[in-house]
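There are 2 protein chains.
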Amino acid sequence: MCEKARRNDLIFRPHFKTHQSKKVGEWFRQEGVEAITVSSLGMATYFAEAGWKEITVAFPVNLLQIDVINALASHATVNLLADDRDVIVELDSMLTYKVHLFIEIDSGGGRTGIPHSDLKRISSMVATVTAADNINLKGFYTHAGHSYDARSKDDIRKVFSRTVQCMQEVRQWAESNDLNVEFCMGDTPGCSVGERFDEIDAISPGNFVFYDVMQTIIGSCADDQIAVAMACPVVSKNAGSNDVCIYGGAVHFSKDSIEDGQKKIFGMVVRLGSNGWSEPLEGCFVKSLSQEHGIVHLSAEEFEQTKIGDVLGVLPVHSCLTAEAMGVYRNFNGELIDHYAQKNRD
Amino acid sequence: MCEKARRNDLIFRPHFKTHQSKKVGEWFRQEGVEAITVSSLGMATYFAEAGWKEITVAFPVNLLQIDVINALASHATVNLLADDRDVIVELDSMLTYKVHLFIEIDSGGGRTGIPHSDLKRISSMVATVTAADNINLKGFYTHAGHSYDARSKDDIRKVFSRTVQCMQEVRQWAESNDLNVEFCMGDTPGCSVGERFDEIDAISPGNFVFYDVMQTIIGSCADDQIAVAMACPVVSKNAGSNDVCIYGGAVHFSKDSIEDGQKKIFGMVVRLGSNGWSEPLEGCFVKSLSQEHGIVHLSAEEFEQTKIGDVLGVLPVHSCLTAEAMGVYRNFNGELIDHYAQKNRD
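Protein chains in written order, with the working numbering: chain A, 1 to 346; chain B, 1001 to 1346.
A couple of the hints might just be wrong.
[As the list claims (entries may be wrong)] Computed beta-carbon distance windows for the label pairs: (1) B/Asp1198 <-> A/Ser274: 51 to 61 Å; (2) B/Asn1070 <-> A/Asn8: 54 to 64 Å; (3) A/Gly240 <-> B/Ala1227: 35 to 45 Å; (4) A/Gly240 <-> B/Asn1180: 25 to 35 Å; (5) B/Glu1003 <-> A/Asp310: 38 to 48 Å; (6) A/Gly276 <-> B/Glu1003: 52 to 62 Å; (7) A/Asn136 <-> B/Asp1310: 23 to 33 Å; (8) B/His1075 <-> A/Lys153: 56 to 66 Å; (9) B/Gly1051 <-> A/Arg330: 30 to 40 Å; (10) B/Ala1239 <-> A/Asp224: 43 to 53 Å.
[To be verified] Straight-line distance between alpha carbons at most 16 Å, and here's what the computed EDC-like set of lysine to aspartate or glutamate pairs gives: (11) B/Lys1307 <-> A/Asp86; (12) B/Lys1307 <-> A/Glu90; (13) A/Lys287 <-> A/Asp243; (14) B/Lys1343 <-> A/Asp338; (15) A/Lys307 <-> B/Glu1090.
The set of hints was computed from the structure by calculation and includes no laboratory data. Quantities reported herein were computed from a predicted structural model and do not represent experimental measurements. Glycine is no exception: its CB is placed at the ideal position from the N, C-alpha and C atoms.
If we strip away everything but chain A, and leave its shape as in the complex, we get (with noise of 0.2 Å):
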């Protein structure tokens, strides 16, 4: 992802919040990467203290944590993003440092922003931003959300055009309206797939790190470029469904699904190496998550072959949950990775 960023003279701000690692924000360090982006303030606030000077907090601004932001922007270059002219008014109003602003575009996922056909309130919210005081124009900054309901790279081909050409459109108006601002856009199976990056300034992708289950599902990586398993010991055998019981829970996993053919599943399944794992293992998957509880299907041949007390490996469905749900990774080193959720318990 460097690379193509590299290649297409584009800004990478990556997103941390699926690592949500000190430790793997270096690696990102080494590449030449300065500028991140992460979804919370405190998570902002995690890798300020590893020494991060421009961080995107690509969440819209909640002002009840105004002192959270005031803290942060007092050492540290905060972009923030918006949609609402009135918060920016709040906003200026309570801020006791400067910060950036990215205008969020809703660009067709639904989830927030300002639509982009919306030229009347973005013009609107632009002559907000700047008359504040303490709030510079940073740009605009569009999560195509969409983009996870694609099941093939050509599905995500097309949400990805759509985006670069919803951004051009406000770029268009941008410039007639002489705004020098930046373009940013973030989503992983876009910035994966996606090669004509036109007017585009800025990336801001963060699960590609690990990719997942879901990645592989909607077309956005192979099942070998998935670079985090769950190490998940057998529990119980039931011979009679092929099925066995792994300590491996919706508290360990978090619970996300997807359709994978006519199934949904939760997790694929490998066998665990001393430095890696195998392909996922033919018609075998995470069927169900309780608690505690995780029920993988096996194939008759590897139940056979899996004895009470072996560690299956599980690929997640959705690795950015997962690693929050654990709080910590470990290498193949045996060595403890941070996260920033990292839990008072074993």
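We have chain A; now place chain B onto it with these hints.
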């Protein structure tokens, strides 16, 4: 639930996996509860620290955690669960302190346990436990997880009656073999709605302590029996759809959902007061969750009345997972209440 246990002359071993709180545990102690149930050894250790002397770990024994088992068994009465003979043999050889064992029975849930009708395997399991040096047969345990498929009190009653009947059949076999042991069952729907606990000795429900939206839809409880809500700031409004975005996503709620009529919902919406909350707001529900964002659909009237910066209450679909994701509670006096999964962060 305490009163129901007393009335039916049942040992009450409440499952603490829902609240996971020492403070909430004290409230049970004040009701005379002396033995508890948990879903992990870590949780067992947490509650042993709070002085609980008899703890059932209602999860198939994980031999990879033998050190935790031995540490716990050195100072508390520990009841483990298993459904496999080889595990018993291995466990027995690894124990440095004596433990008690419930043989897990599958009464139709199909998750773990020996099918109740497989008396041959049950008999062989009993013989193995009886022959073990460090394991005392405590009894038989079943979790009728299929009660979660119910959608009415009548549905629940059917699963409950069938579960009691399964346990009675095992009990008849046990008594004819001069085994005088305990029969325990644990699901919240069944224990909430069921009335005739004939030949059941003990119950271990957990979720009833808070209940949640899922339990209201199953038929276990009424809306006004839900005892936890999440306070979520509104950060964006979408006038086109009457949706608002709240700061409250999958990392806060986990990602369980349930079908409510034709809709898939991730929570119900209430107005928060200074000492409680309103009934669920008609026509309002959490319609989707991403990592930190929640999208709440509001009725036209509620949308009109809701401003960015307001705090909405959300009743969670699955209170156990939401409590685990948050790792702490706050009561209406502003006091924090502990949770085992407390995180090292805001």
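Against the structure, the hints:
| no. | hint | verdict |
| --- | --- | --- |
| 1 | B/Asp1198 <-> A/Ser274: 51 to 61 Å | holds, 54 Å |
| 2 | B/Asn1070 <-> A/Asn8: 54 to 64 Å | holds, 58 Å |
| 3 | A/Gly240 <-> B/Ala1227: 35 to 45 Å | holds, 38 Å |
| 4 | A/Gly240 <-> B/Asn1180: 25 to 35 Å | holds, 30 Å |
| 5 | B/Glu1003 <-> A/Asp310: 38 to 48 Å | holds, 45 Å |
| 6 | A/Gly276 <-> B/Glu1003: 52 to 62 Å | holds, 56 Å |
| 7 | A/Asn136 <-> B/Asp1310: 23 to 33 Å | holds, 28 Å |
| 8 | B/His1075 <-> A/Lys153: 56 to 66 Å | holds, 58 Å |
| 9 | B/Gly1051 <-> A/Arg330: 30 to 40 Å | holds, 33 Å |
| 10 | B/Ala1239 <-> A/Asp224: 43 to 53 Å | holds, 45 Å |
| 11 | B/Lys1307 <-> A/Asp86 | holds, 10 Å |
| 12 | B/Lys1307 <-> A/Glu90 | holds, 13 Å |
| 13 | A/Lys287 <-> A/Asp243 | holds, 9 Å |
| 14 | B/Lys1343 <-> A/Asp338 | holds, 13 Å |
| 15 | A/Lys307 <-> B/Glu1090 | holds, 13 Å |
The structure agrees with every numbered hint stated previously.
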